[in-house]
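K.L.:
Letter by letter, the chains look like this.
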Amino acid sequence: MSRVGVFICHCGENIAGTVDVAAVAKAALDMPGVVHAIEYKYMCSDPGQTMLKDAIRDKRLDGVVVAACSPRMHEPTFRRTAEEGGINPYQCEMANLREHCSWVHEKGEPTTAKAVDLVRIQVEKVKRNHPLKPIRVPITKKALVLGGGIAGIQAALDIANTGSPVLLVEKSPSIGGHMSQLSETFPTLDCSQCILTPRMVEVARHPLITLYTYSELEKLEGFIGNFKATIRKKARKIDEKLCNGCGVCQQKCPVKKIPDQFNEGLSNRAAIYVPFPQAVPNKPVIDLENCTFFKSGKCKACEKLCPTKAIRFDQEDQIEVHDVGAVVLATGYKTMPVSNFSEYGYGKYKDVIDGMKFERLASASGPTGGAIKRPSDGKTPETIVFIACAGSRDRLKGVPYCSKICCMYTAKHAMLYQHKVHGGKATIFYMDIRAAGKNYDEFVRRAVEEDGVKYVRGRVSRVYEDGGQLVVKGVDTLLGAEQVEIRADMVVLATAVQAQDGAEELAQTLHVSYDPYKFFAEAHPKLRPVETNTAGIFLAGACQAPRDIPETVAQASGAAVKVAGLFSQPELTREPIIAVVDRQPPPVFSHCVGCFLCKSACPYQAIEEEPIKNRNGDVLKVVAKVNPGLCQGCGTCVSTCRTKAIDLQGFSNEQVFAELMSI
Amino acid sequence: MKDPTADPEKKAHTARAQGGRASGREKHMSSHHESMPGSMSACHSLAARLEKEGEVRVADCYQCGKCSAGCPAAEEMDVAPSQVLRLLQTETPKHEDRALRSLAIWMCVGCETCVTRCPQEVDLPRAMDFLRQESLARNLANRDASDVVAFHKAFIKSIEKTGRLFELGMIGDYKIRTGHFFKDLGVAPTMLFKGKLGLLPHGGANKREVAEIFARARAAKKESQA
Amino acid sequence: MKSGIQDLQVGYFPGCSLQGSSRDFAESLHLVAKALSIELCEVPEWNCCGASSGHMIDHLVSMALPINVLLKAQKAGLDRVMAPCASCYNRLATARHEIAHSPASKAQVEKVLQTTIGKLPRVLNVLELLAEVADRIGPKVTKKFEQTVACYYGCLLVRPAKVTGFDRTEEPVEMDKLVAAVGGKTIDWNFKTECCGASFSVSRTAVVGRLGAKIMNDAVGKKAEAIVVACPMCHSNLDLRRGEINQRLDVKTDIPVLFITQVIGLALGLSEKELGLGRHFVPVAFPAKPVAAATVS
Amino acid sequence: MADPFEPKMTAFVCNWCTYAGADLTGTSRIKYQSNVRVIRLPCTGRIDFMLVMKAFSRGSDGVIISGCHPNDCHYTSGNYHARRRWMVFRDLMDFMGIDLRRVTFSWVSAAEGAKWAELVNEATNTVRALGPYKEVQQLAVAGID
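Chains as they are written, first to last, in my numbering: chain P, 1 to 663; chain V, 1 to 226; chain W, 1 to 297; chain L, 1 to 145.
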């Protein structure tokens, strides 16, 4: 025999203005099991909460229904109050009289009637509530960071510096990411590598960071605080302990004509190579597609000449499994391939390049030593055209969003060009200049006012080659959309920022949601920007949306703090809203028949198989068992269960059906 | 629910979702109407009619100018293609009038280059068709385009008469409409001689049927205007 | 060698200009089709599709006319209709596309045509059709067409992509493949799909002259010995209006303009006369080459 | 004589998308018809379709089921399970002679306050037009449910 108390909130005029609260209270008192019903101006206020606590004590209530705003708003508040009042917090339910009633319906009889129903529903539910205990789970205080770009580097360092060990996994042979390819950085024009490489070294040296380059995450199981990560270390075919990075191998390797990814194909590399001089670790890797030995079984030049005998042709991939408590996703972005631009020649013109290629041309460590030269014939371009929004804000090309960084780096490119090529003519075709950021707009203005970069407001319709030059057919919308035709020596496309290849697959392995453009989804666009919807997995950098370096670093540190915060707790407590399989005294043991439909339905692999043995240890039957750590409480298993052996605490069949019956 | 996957609205990113395509649409429509409650422009503006009748969404254009940049006829135009759209975007009679009186709408060749490259997939050629018709209906056709107008009229007339295009007849009609009697005198005889111009209209088409199509189309238009 | 190749039947919508100003296109098309055992089943009682003026000043009519044609084709049991004229092709395809995507417009047209519109036949252009039987061409070539030509696609064969869904929008290649199939060389040039002025052929010859000049200039500059087209309007604009064009060129040009069907025809050993080359304004002559000479009957 | 028929609508919604969406409808003060009674569940995946049958037999004239958009499930895939189950169950209900026009299945995200209002109004109007769901209710009264 339950004793339920109903507490109706006026929420000032918000509820009382539309709903006849007195009538609701009166109706509540007639509901079976309700022994107490009052209405008050602000239940969430201090006096309001006190009333609730007192009532629990004085009226010996064992269930409470607060009829006020949305449970998504104040459920935690009132559950705490209920607990302070001396009952189990999960004996408190809320009827949503505001968002679902008073705010959305006109004042009147039907609305009050609905309010009464909403209260009745919760009363019927709360009568069937059971005291629940929050779940406590341990935490493995080790973090996994995916991606070794600036985002991953920053996150790894910040986490490690709080004293927790970090595994940093990077799929390419060196950490550094896109930032290591950049020449100078806006708005300060300081050299990218000069600021990045020290960080890379710091990572390599940090006692708490274990570096996994040329490695990928194969599998992630488990849940917040208790993940199990399976990492594949791809075979470099090098004994990293012996190799001292002298570089003899790549000098002697006979295969030398392989386009160098790091230089965006502007130069060549050998089949055994270190991606770039400042690479971390400074150890080579053998590229199996192009190595003569792996193609024809002959050569082994590197092995013969390696002074430390570090070459290992027979080396295999290694699989390692690690327990980690939190994951930071920092897998970065890619840019739209130039071949996507039919109107600019499907990428067939050598001198139509993208921003990243230009970075390599402008970089002191690049193939031209920082001199701007045409890929086609090595001549210095006297006229150069930059096309902003190449693919961005372009539904036709599937990228309706703004890539955010292009305005700034294009301004930077034009500026660098003007500095390096005196008397050169740089024109930028743009739609809008988006330079919101500290010293950003000043930077753009500088490009215009001091370096004489010409900004033309309009998009380019077509680029084609004619007599060794590129004819750029654009328009100036500030001159009544007059056509502008420029014969340029080089065209640079500020290509759209897109989600990294394989982002979707990764999101699915990690159970994090992603947006239509395959960028990982933050838990809340404003208030939870570095968290994902999967507890314990955090976001840093351009894998979540186009970002520039300062933002990326800030977000990485933010993610690191989230991880540190998580690790600072002795253990985790979670809402006990989880599924349970019923257990019966023998001979039934459980209604579960072991069909394990629930297992296939469960999104969290939370269903385990549990053999029930008799006292001499032989298995009587195998039933489902819910791992309370893994279960997130979606209840999909409950509706799948044929024998109703599995049920969801807090939303049990009994409760839900009772709610239904009360309508 | 047309295609759930095409609808990017997400609790996690309202922000980007609004920009997303499928949702962008409804979003846009509503705001578009709220923006000018009850005013002439909201319901009767050319932009609104174009969206209703032509399914071209003028508001989608963000004036990047790519259409004007690639337009082969732009040199002949008094108003650039993108600007023609701009004139419709303001939804004011003054600007709409300017669009309808423009030479540009008659200089459009209908080569579809613009719509092929338009990042917002705005069907500009369709809009041009619409404006030409409207311009004729309101008698605002630009004088300097009289020859083009005459050509189109002669063309249509010829079809209506014979069910198929009778080139010689059409050209004759065109010349009478324009008075360019001596233009093309050079080529016409050669064409005849080379058998490229038939002296008699082609048979074969079901003239009555075609005439009826024209008649019913006219009726339908009258209806919609009323 | 005919063995193994069964007749390919396809609906055929000649369109007005093939009966008049582009007779040669029709003639060559029919011969080539016959040679490649394609049966062109003319749409009975077809009417003009309204191109190119229809849609310019009367949208409803410009929808009703082509749909009417497609309905006739459908009644005649044709599941595909090939329209050699690029302009007709584009109108038919566009109308079909709009009907499929706009219920409103569909209703309107149904009202005008006083019928309900079901599944309409697919619309093909001449290149699509020939590409389908490309493998039949090679074996039948008797005189390689050993010229270097510029394939000029013009606007309406490839645009807009979502309507035509054929070839690459910016730099199509299907025609080049066909020319290559008969032994010809094609140049890589920039004006493959730039507009030639289309319907301004009569009303604004100056425009045609200006646009045509750009096109010819690039083609000649890149050493083309002829222009190959698949569109009557392109043909008349570059052939019939050569005078206008040359007025705007520093160096006058007299390279001929051929229909793709004529090119294939020549390679299949058909005579210049039956292919209607005689009807061109710019005489069809190639720089003396043994093979080229041989093609002159 | 008797007042005009007002349908009883029961809605099964997930806590993370549609319930939150309905909250947004409230905070943005968008009005809709008050016939609907919302039953809050963690996820549409939790919806045992026996609930739908029960709702009808308990006198609901119409049922609304709504959760997160595909790819956006708080539990990553619960809504897919719901959709799959719904596909099957729909045919079953059809076979059982349940009038499918009385069941509305949709996605409403936490950002779609307006959509929730539309959804409820549409569904309610449809069912109002269909009239009370006597057929099933009589069965229920007869004790067959």
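Incorrect hints may have been included.
[Claimed, not checked] No more than 25 angstroms apart at the CA atoms, straight line, and that leaves these computed lysine to aspartate or glutamate pairs for DMTMM-like:
no., chain 1, residue 1, chain 2, residue 2
1, P, 348, W, 39
2, V, 207, W, 274
3, L, 31, L, 91
4, P, 438, P, 451
5, P, 234, P, 303
6, W, 185, P, 465
7, W, 119, V, 212
8, P, 473, W, 250
9, P, 59, P, 13
10, V, 222, W, 45
11, W, 119, V, 53
12, W, 223, P, 190
13, P, 334, P, 190
14, W, 119, V, 55
15, P, 404, V, 53
16, V, 194, W, 250
17, W, 106, V, 134
18, W, 111, V, 134
19, P, 379, P, 548
20, P, 397, P, 501
21, V, 157, V, 209
22, W, 111, V, 55
23, L, 31, P, 465
24, W, 143, W, 110
25, W, 111, V, 121
26, P, 142, P, 30
27, P, 454, P, 303
Hints are computed from structural coordinates only; laboratory data are not their basis.
K.L.:
If you test the structure against every hint from before, which numbers come out violated?
P.N.:
Violated hints: 1, 2, 3, 9, 10, 12, 15, 16, 19, 23, 24, 25, 26 and 27; rest satisfied.
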